[in-house]
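Residue 381 in UniProt numbering is what sits at position 381 of the sequence shown, and the numbering runs on without skipping anything.
Treat the hints with care, since some could be wrong.
Claimed, not checked - Quick list of the computed label-pair ranges, beta carbon to beta carbon:
{"#": "1", "residue 1": "133", "residue 2": "27", "range": "41 to 51 Å"}
{"#": "2", "residue 1": "75", "residue 2": "164", "range": "33 to 43 Å"}
{"#": "3", "residue 1": "246", "residue 2": "39", "range": "42 to 52 Å"}
{"#": "4", "residue 1": "56", "residue 2": "333", "range": "49 to 59 Å"}
Unchecked claim - Pairs of lysine-lysine residues, derived as DSBU-like cross-links and limited to a Cα-Cα distance of at most 30 Å, are as follows:
{"#": "5", "residue 1": "169", "residue 2": "119"}
{"#": "6", "residue 1": "249", "residue 2": "169"}
{"#": "7", "residue 1": "95", "residue 2": "113"}
{"#": "8", "residue 1": "119", "residue 2": "49"}
{"#": "9", "residue 1": "89", "residue 2": "113"}
These are computed hints drawn from the structure, not numbers from a lab.
Beta carbons: idealized from backbone N, C-alpha and C, even for Gly.
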Amino acid sequence: MADSPDQTCTTRKRQRSSDRISVLPDDIIVRILSFVSMEEAVATSILSKRWRPLWTLVPIIDLPDFDFDSSDIQELFIEFVRNVLRFNKAVSLEKLRIQCNPDYASDFFNRIKTLKVLKLGDGVLVDVPSGVSFPNLKTLHLSSVKYTDDPSVANLFSGCVVLEELLIKRIYSNDGIHMNISISTLKTLSIEYDSGLRDHSFEINAPALERLNLKDVILRRNYWMFRPVMLVHSPENANKLLRVFSGVKSLSFTVLNWPNELYRDCNPLFVNLVRLELNVGLKNWNLLLLFLENSHILQFLELTLSEGTQSSFGSRYENTVTLPKHVPICFLSSLETVCLRAFEESEHELQLIEYILTNARVLKTMTISAYDSLLETFLVDEKLSTIPRCSKTCQLEFKCQPYVPTP
Numbered sequence: 001m002a003d004s005p006d007q008t009c010t011t012r013k014r015q016r017s018s019d020r021i022s023v024l025p026d027d028i029i030v031r032i033l034s035f036v037s038m039e040e041a042v043a044t045s046i047l048s049k050r051w052r053p054l055w056t057l058v059p060i061i062d063l064p065d066f067d068f069d070s071s072d073i074q075e076l077f078i079e080f081v082r083n084v085l086r087f088n089k090a091v092s093l094e095k096l097r098i099q100c101n102p103d104y105a106s107d108f109f110n111r112i113k114t115l116k117v118l119k120l121g122d123g124v125l126v127d128v129p130s131g132v133s134f135p136n137l138k139t140l141h142l143s144s145v146k147y148t149d150d151p152s153v154a155n156l157f158s159g160c161v162v163l164e165e166l167l168i169k170r171i172y173s174n175d176g177i178h179m180n181i182s183i184s185t186l187k188t189l190s191i192e193y194d195s196g197l198r199d200h201s202f203e204i205n206a207p208a209l210e211r212l213n214l215k216d217v218i219l220r221r222n223y224w225m226f227r228p229v230m231l232v233h234s235p236e237n238a239n240k241l242l243r244v245f246s247g248v249k250s251l252s253f254t255v256l257n258w259p260n261e262l263y264r265d266c267n268p269l270f271v272n273l274v275r276l277e278l279n280v281g282l283k284n285w286n287l288l289l290l291f292l293e294n295s296h297i298l299q300f301l302e303l304t305l306s307e308g309t310q311s312s313f314g315s316r317y318e319n320t321v322t323l324p325k326h327v328p329i330c331f332l333s334s335l336e337t338v339c340l341r342a343f344e345e346s347e348h349e350l351q352l353i354e355y356i357l358t359n360a361r362v363l364k365t366m367t368i369s370a371y372d373s374l375l376e377t378f379l380v381d382e383k384l385s386t387i388p389r390c391s392k393t394c395q396l397e398f399k400c401q402p403y404v405p406t407p
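Build out the structure end to end from the sequences listed, making use of the hints.
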């Protein structure tokens, strides 16, 4: 029986509607395909001859792993991944994420020449052969990965010829790993290191470095302890480490157990430093003074006097501290913002606050955060409100800071 005119009209409308996406330019269709799973993108190749090659142009490859019941299915997944990488013709691969058994990861290194961002984690084994190159890789994250040996690590970094951002978070290895991070283009380096693995070492040569984040946290009994990322046993080594930071613009640094003697001969100038986030204890008070006196264009200072020092190094009230003999240059011309975190109302903290307020000429804002909201009333009424301020435009702000231990 022939279709009625109404049915024919409806069919044509459906055909026109279904073809709307097909008339779009290839680059728009490829961008649309980048928002669906790779399996779905590959499936569109059966729609028509025109659609057949489009999935190979998708610049984002996201391949989830599955719960494999047999080795045959595992091999099928591996073959699928290999084919996707082999057939991909994107001008520049923007993202590659492969969730798979860590043993399979090493097969893919030579297939990602155009990759710009690479993030490896969750036990992936980094076993990089010599000669591997990542000519377009700008961002590399290594989180909880395993390393076979020093040469493999060296091969990885030597192949990153344009790398700008590097994150190293936890190191898993039976033997000590030496990480020689010699990357001339590196701008941001973040290291979150496990102090329980004390045999590892770092050697950093990054002349273009602008931002360095160092963080090392361990749980010791009932206290969160902060330890230096790099083991330093002498003033000479401390001086070498601090000189690594001399050219950075922004620095986040946590260290609580270096004895003050280590800074005796340290005098590096932080010529570009404008932002400093420093987490120290009274045992490392001289480190704060060193940064203040040698950061001539510092604009932003966030300071935390961590509570962990009380249990290990004695009460804050039992320690003596000294303030700079001469007003730091940054106090006179550049320091605009100061944030004091984890305030506990100690005499040393009050001395420091008074010193900053009475000497920082261009200070705009001082923010004080405490775990106890009741401190705010005390601060305003009894102490800080009466301190004369060198900067007539300086504003004091008080915040109640939630206590969240660093994981």
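| field | Violating hint indices (sorted, rising) | value | 1, 8
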